[in-house]
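S.K.: If you're matching positions, the sequence shown starts at 1 in full-length UniProt numbering and goes up one per residue.
Hints in this document: simulated from the structure, not taken from any laboratory.
Where a beta carbon is used, it is the ideal one built from N, C-alpha and C, also for glycine.
Take the hints with a grain of salt, since some may be wrong.
Lysine-lysine pairs mimicking DSS-like chemistry, simulated, CA-CA at most 25 Å apart [said to hold, decoys possible]:
#1 K163 x K126
#2 K78 x K204
#3 K213 x K168
Pairwise CB distance ranges, derived in the manner of DEER restraints [to be verified]:
#4 L128 x Q71: 40 to 48 Å
#5 D102 x R203: 41 to 49 Å
#6 T19 x K168: 19 to 27 Å
#7 E133 x D28: 37 to 45 Å
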Amino acid sequence: MQSELGQMLSRVEIFQYCTEEEIEQVADLLLPREIKRREILFNEGDPCEVVYFIQQGRVKVYKTTEDGREQIVNLLGKGDIFPHVGWYGGSNYPATAESLEDGHFYFMSVDKFVRVLENNPRLTLKLLKEFDEQIRELQRRLSNVLSGDMAGKILNVLHSLAKSKGRKTEDGYLLEIDLTHQDIANMVGTSRETASRVISQLRKEGKLLLEHKSLLVKG
């Protein structure tokens, strides 16, 4: 009989084509961890020793610029696995991961997860496909950040985020996330004041709605 954790993993996209036995091999290695809002999971440059699975919660992944500013490179949610790189050769975490809300995660050591992948080609190929899609999505967001005026940059980045991580509704794409104006500013490389002004403008134009723990992007 499949364990409760195994049933949870079987609903995660990267495990959908694995056998029950293969899923249980992963489940046996996972340990639970309750995460608090704004908790740092790992820092950029720390040794990459742990892989995380998000059962419930949101995480922002960011780099720190030379002048100390935060540049958000990815936002993760339920069903995501991270980090995406750094598992081999004693590498370090390429960025910092911070929880945006209270959540429930599972984790295992990198060494144990690598051994699972080495013995499970189907899971390895599925994981590569998932990471390829993640990288393509990040490339689209980067393209949005580098082109257009600030209003266009913010709208395009939020639309891409809501479309990839949220759900389609009659009014647009809805994403349940606790996102601050500073977080949005850090996604597009601008100040909080500029981001707040642009978000207010986009609200008045009816293009998006940003409320406590929710983002709706029209279209």
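S.K.: Run every hint past the structure and note whether it holds.
M.R.: We went through each hint and held it up to the structure:
1. K163 x K126: With Cα atoms ~22 Å apart, K163 and K126 stay inside 25 Å; holds.
2. K78 x K204: Outside the cut-off at roughly 31 Å; violated.
3. K213 x K168: holds, 17 Å
4. L128 x Q71: 40 to 48 Å: Because 26 Å falls outside the window, the suggested range is violated.
5. D102 x R203: 41 to 49 Å: Given about 27 Å between the Cβ atoms, the range is violated.
6. T19 x K168: 19 to 27 Å: Given range 19 to 27 Å: violated, Cβ gap about 32 Å.
7. E133 x D28: 37 to 45 Å: Violated, since E133 and D28 (Cβ atoms, about 27 Å apart) do not stay within the stated range.
In the structure shown, a violation is registered for the earlier hints numbered 2, 4, 5, 6 and 7, in ascending order.
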